[in-house]
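Starting from the two chains in their separate frames, assemble the complex, guided by the hints.
Residue numbers (the working numbering), protein chains in the order written: chain A, 103 to 216; chain C, 26 to 584.
Source of the hints: derived by calculation from the structure; they are not laboratory data. As the structure is a computational prediction, the values presented were derived from the model and not from experiment. Beta carbons are placed, not taken as given, at the ideal position from N, Cα and C, and that holds for glycine. It cannot be assumed that every hint is accurate.
A few chain C residues that face chain A, going by a derived Cβ cut-off under 10 Å, partial list only [said to hold, decoys possible]: (1) Ile45; (2) Val49; (3) Gly101; (4) Leu104; (5) Val105; (6) Leu193; (7) Arg200; (8) His206; (9) Asn211; (10) Val213; (11) Phe218; (12) Gly223.
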Amino acid sequence: MEALIALVIGVLTAGGVFLALRGQTFPVVLGLTLMSYAVNLFLFVMGRLAIGVPPVISAAAEGYTDPLPQALVLTAIVISFGMTAFVIVLALKARAELGNDHVDGLQHEEDRPA
Amino acid sequence: MNWLDHLPILPVVLPLLSGIVLLVLRQDRPQGERLAVSSLRDLRNRSLSLQRGISLLAALALVPLAIALLQTASDGTHLVYALGNWAAPYGIVLVVDRLAAWMLLTTALLAVFALLYAIRGSDTEGRHFHVLFQLQLFGLNGAFLTGDLFNLFVFFEILLLASYGLLLHGGGRKRVKAGLHFVVVNLVGSTLFLFAVGTLYGVTGTLNMADLAVKLAATTPDNLALVQSAGLLLFAVFALKAALLPLYLWLPAAYAHTSAPVAALFAIMTKVGAYCILRVYTLMFGDDAGPVANLLDPWLAPLALATLTLGMLGAVASTTLRQQAAYLVVASIGSLLLAFGLGSTDAIAAGLYYLPHSVFAAAALFLLADSIGRARGEFADRFESGPEMPGARVLGGLFFVAAMAIAGLPPLSGFLGKFMLLKAALDSPLLPWVWSVVLATGLAAMIALARSGSLLFYRTHNSPHEPGLLTPPTAAALAPVAGLLLLVAGLVIWAGPLSGYASATATQLLAPQQYIEAVLGTASLEERAPARGTPADSPLLGSDPSAASGAIPLEGVTP
Numbered sequence: 103m104e105a106l107i108a109l110v111i112g113v114l115t116a117g118g119v120f121l122a123l124r125g126q127t128f129p130v131v132l133g134l135t136l137m138s139y140a141v142n143l144f145l146f147v148m149g150r151l152a153i154g155v156p157p158v159i160s161a162a163a164e165g166y167t168d169p170l171p172q173a174l175v176l177t178a179i180v181i182s183f184g185m186t187a188f189v190i191v192l193a194l195k196a197r198a199e200l201g202n203d204h205v206d207g208l209q210h211e212e213d214r215p216a
Numbered sequence: 026m027n028w029l030d031h032l033p034i035l036p037v038v039l040p041l042l043s044g045i046v047l048l049v050l051r052q053d054r055p056q057g058e059r060l061a062v063s064s065l066r067d068l069r070n071r072s073l074s075l076q077r078g079i080s081l082l083a084a085l086a087l088v089p090l091a092i093a094l095l096q097t098a099s100d101g102t103h104l105v106y107a108l109g110n111w112a113a114p115y116g117i118v119l120v121v122d123r124l125a126a127w128m129l130l131t132t133a134l135l136a137v138f139a140l141l142y143a144i145r146g147s148d149t150e151g152r153h154f155h156v157l158f159q160l161q162l163f164g165l166n167g168a169f170l171t172g173d174l175f176n177l178f179v180f181f182e183i184l185l186l187a188s189y190g191l192l193l194h195g196g197g198r199k200r201v202k203a204g205l206h207f208v209v210v211n212l213v214g215s216t217l218f219l220f221a222v223g224t225l226y227g228v229t230g231t232l233n234m235a236d237l238a239v240k241l242a243a244t245t246p247d248n249l250a251l252v253q254s255a256g257l258l259l260f261a262v263f264a265l266k267a268a269l270l271p272l273y274l275w276l277p278a279a280y281a282h283t284s285a286p287v288a289a290l291f292a293i294m295t296k297v298g299a300y301c302i303l304r305v306y307t308l309m310f311g312d313d314a315g316p317v318a319n320l321l322d323p324w325l326a327p328l329a330l331a332t333l334t335l336g337m338l339g340a341v342a343s344t345t346l347r348q349q350a351a352y353l354v355v356a357s358i359g360s361l362l363l364a365f366g367l368g369s370t371d372a373i374a375a376g377l378y379y380l381p382h383s384v385f386a387a388a389a390l391f392l393l394a395d396s397i398g399r400a401r402g403e404f405a406d407r408f409e410s411g412p413e414m415p416g417a418r419v420l421g422g423l424f425f426v427a428a429m430a431i432a433g434l435p436p437l438s439g440f441l442g443k444f445m446l447l448k449a450a451l452d453s454p455l456l457p458w459v460w461s462v463v464l465a466t467g468l469a470a471m472i473a474l475a476r477s478g479s480l481l482f483y484r485t486h487n488s489p490h491e492p493g494l495l496t497p498p499t500a501a502a503l504a505p506v507a508g509l510l511l512l513v514a515g516l517v518i519w520a521g522p523l524s525g526y527a528s529a530t531a532t533q534l535l536a537p538q539q540y541i542e543a544v545l546g547t548a549s550l551e552e553r554a555p556a557r558g559t560p561a562d563s564p565l566l567g568s569d570p571s572a573a574s575g576a577i578p579l580e581g582v583t584p
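Okay, chain C solo, but in the shape it has when bound (with noise of 0.2 Å):
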């Protein structure tokens, strides 16, 4: 076997390895050990500095690997890596197609750019930062890649667990209690998926996509409103980590008190929620799915819709900097499954070109709001008339850049994917809806942040205040962010060949049939082709009659 034939795993190993070591390289005093003061300091730092090199040098190495996947992925080909070399749908595949690699290579270009600002300090606050990172990064992977519906739960809770430690990193009251909601509100989501992935196991007898997705498509119908319930329980799960609409209301507290690094970083959660809705909406309950076909769309569109609106309307009404990123990071997820739930190759393609510039653009305002609150000493990043702040200058451009983005404004990337996305909506019923919200929500976007921006730059005043409290904002903090701002250019720049990738992507995930062809093999797709839905497809319940007169009946087992 062949180096190469290796490459779909790497993204998901590296990460984990690098945690590994990382967590024995921990900073942390040696338990038991007596080292004079200064030692101690010098062995810490040593460490420190040795801890964030290998995290660096980790998450760097994704880039690459990532854009490897990308060209190998971009001529349409599905590589599949069957762990331990068990052939779907027995064993765990993972799958790198064109959405996988897109999805990776946008992980790993935030994920350099957050550790970049975390290395400036934040990774201090408490400990095993970097393991945790490494580890998100690890789930993150794999829930991208992963073809099986089960592992997609085992790497969802992996990333997660990972994402508790994060979101708690440095400690604080505030920060305690919205990851008390988080972990609570992710665990009750968690129960859910687990009885999702249940019902559709009993139903079908496997746990692989692309073979649930032949199996779905031979549903009977007295397992139909099993399987139904079951796909809708997975959007509950799933629009619960998007942060859809009734299900968002734990987010921008949580991406609000949590530590800059790792609410940008955070921004790519949600875009995990909307990818495994893409996914799974598209292969499992797609229009090749026959009885189940299009499951979700009268939900959808309309939620997103929803979303939209009031995610917006929270960023008018945000008393902090921070908290309008969260409400903005809200109303792009109502956008990005706007853009899905219209379902049409154009509109998919448009969701899937705003995708990486809604990441990387919340991820800059989340790390420029963490600048801009130090820049202003006790006033923060609340909206409140405050000092004038040292740096102004360059703070106001990076944040009048990145405002410009995310409120969609010519000439970033923002007004091209809603310019893509508005176009993709002309043969839509919802036509006048997406227009008139879209448009609309992109004003109050403008307003919200010119708001925030005259408040924080302009309205300033000199009340006598402690000279030393005002920290102005350093080149390594601000490098990361005009980074992201950069990726956001760059976009644009490249936008003919990156949104001819996107709609190449979207046209890919509308012909699920070369999926499962990849995943399963033609030869065994026509063997079972036939056979489908019958018992002589799972043997093992077929061939005990008495084992499956659970619950749920099989078609044609007579218990």
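Only chain A is shown next, with the shape it has when bound in the complex (with noise of 0.2 Å):
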């Protein structure tokens, strides 16, 4: 289960990086969007990997699952949410203002209506 989870961080970072890197507002979007979701994935491994233990005290307890990544990832996503809502009406904003949806506002050759 580690490696698998480990993979699908890799996985998501990298093609967060990837559509970070673009030049159009969307896919920018997304690769924030794929970044914050492997950032709060890679928080929750942080406690370890446990499956059936409880995170509170409890007496008939063999072991315990760390609670705190728990409420890390809460606030994070959280925190992510509103964020990617944000910079989506940022992007809208910025498409009505630049007349495009290039991240530098560029007027491409081929975009130019005829």
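Next comes the structure, spelled out in structure tokens:
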């Protein structure tokens, strides 16, 4: 399971970085979202992977899973939701103000209306 | 519990509460109500002045608060405030030491003058200016006070989200473009921050900075590479916020295109990055950190020298005054981090003395550039020969003082700060580099500012122009600039006690043991000392061997 999780985080991050380096705003937003998914998973597994053990003290427990990363991830998810919403609105505004969806607002030859 | 015990949290709570109150009193038209135009305007004006009053009052109240905290901290005590009375390292703590109080006071003073400039009218360009301004202060103060790494991330996000709103305040094509870059770059930075925090938590099982300092000093060889990469990732994040060399490219466009009071307030934003570098790398990666000691030594000073050089080259090559001011901010970050990078007590003290100076001087220049731009009509603040400005004498006088302060000419505090820095570099191996770069960039700053001053004020022509286009500066616009420059002068007048405080701060920072003891308590420290880095330290992780079989092995845990 560790190898699988590591692979998932790695692929998500790689995809996120690739998309964030694109020239259009939409792939950039998608890339940022993928990166935030990757980091949320990463934070989550920092408490180690455990199945079927309680996060709070219980008399019958044989072991515990670390509850803190779950709280951290919750915070990080909320923040990244807010940030994604903001950056989408900003990208739309940039599309309206700059006339196209390039991050620099450049006018490409092929984009220009004939 | 005495009410004074709650003093450390007030700088965080006050802007938050006033931000919420201001949100309720928002200035836009209430939905679904139809009022006569005149009574609506009346209502709006009344609501606006109420907002301005509350916002200014809240910002003003931060000054005595910061002074009170500074006085308490000045004898070397660490005020530790455990939120919800959860003891460290399990709960989040706020810690007031000399450095935190110093930063709080700088922020509070800057905020008052930026707000004074904003309430002249630029707060009506868009909605919710005052709300965002207060939330920005909330984030800034929280970032300076917190003693918890994840909490630092949360406060970073708060101040960044508020700064996104402030940066875009008023809108416009260039502002949106610069804002988009600023937001995307900072979001990537936030992701990196979380990766670094996650790695540190995975290795040490704690997020409290004092506790991290203890745990990191006992890093085992098999975790060393992980901890080092986490530490350097954190550095990359803070360097991004501070606008250090390869990561400063977002700054000039963002600062040059936003509204003047926001740019003035942003003068402290880069210093948050510098503060975090100083805090984290003296506390967690300092001399006492064992295997990860002095992690930044090979990086910080050379990068700072390069930042200083390139920032100043940018200032020389700028085409508008606001762009020049933005590049001067980059250069000032270079000087500041150079001082922190040299790492001796004297050098850090020089940096801490230079910090408020560079904040106030840069803010004054941003505000002044706005007034100059208005007075030149359609020529704005571009470096072109333009019409003679109304009120050129006052503007020119203020520009002269601000330029002298920034270029580091005597008798102003920039000179003292740079002099202290040069003196502190005497026993550093980087001596020739520091001296040549600092002196050469000082000369370059003088040339750049002299060129802009003579272009803006002397090379004027009397072409026919619309007289209405040139707006003479008002007293309300010039007073905040003069106030900031008076603060710069105050830094010289009280240079003795202030530099004494700065070097006491540096001494305190270089002895992180006091901080750790104050946060964790002496007793608990002794109790923990033999158990450093062993599973007994983190019972939740240690008691469950199967839970610890993740990618990162904990010392002594057998899966």
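Hints, verified against the model:
1. Ile45: violated (17 Å)
2. Val49: violated (20 Å)
3. Gly101: Violated, about 32 Å.
4. Leu104: violated (26 Å)
5. Val105: violated (21 Å)
6. Leu193: Since the shortest Cβ distance to chain A is 7 Å, the answer is holds.
7. Arg200: holds (9 Å)
8. His206: With Cβ-Cβ at 7 Å, under 10 Å, it holds.
9. Asn211: holds (9 Å)
10. Val213: Holds: closest Cβ of chain A sits about 6 Å from C:Val213, inside 10 Å.
11. Phe218: At 9 Å from the nearest chain A Cβ, C:Phe218 passes the 10 Å test, so the hint holds.
12. Gly223: holds (4 Å)
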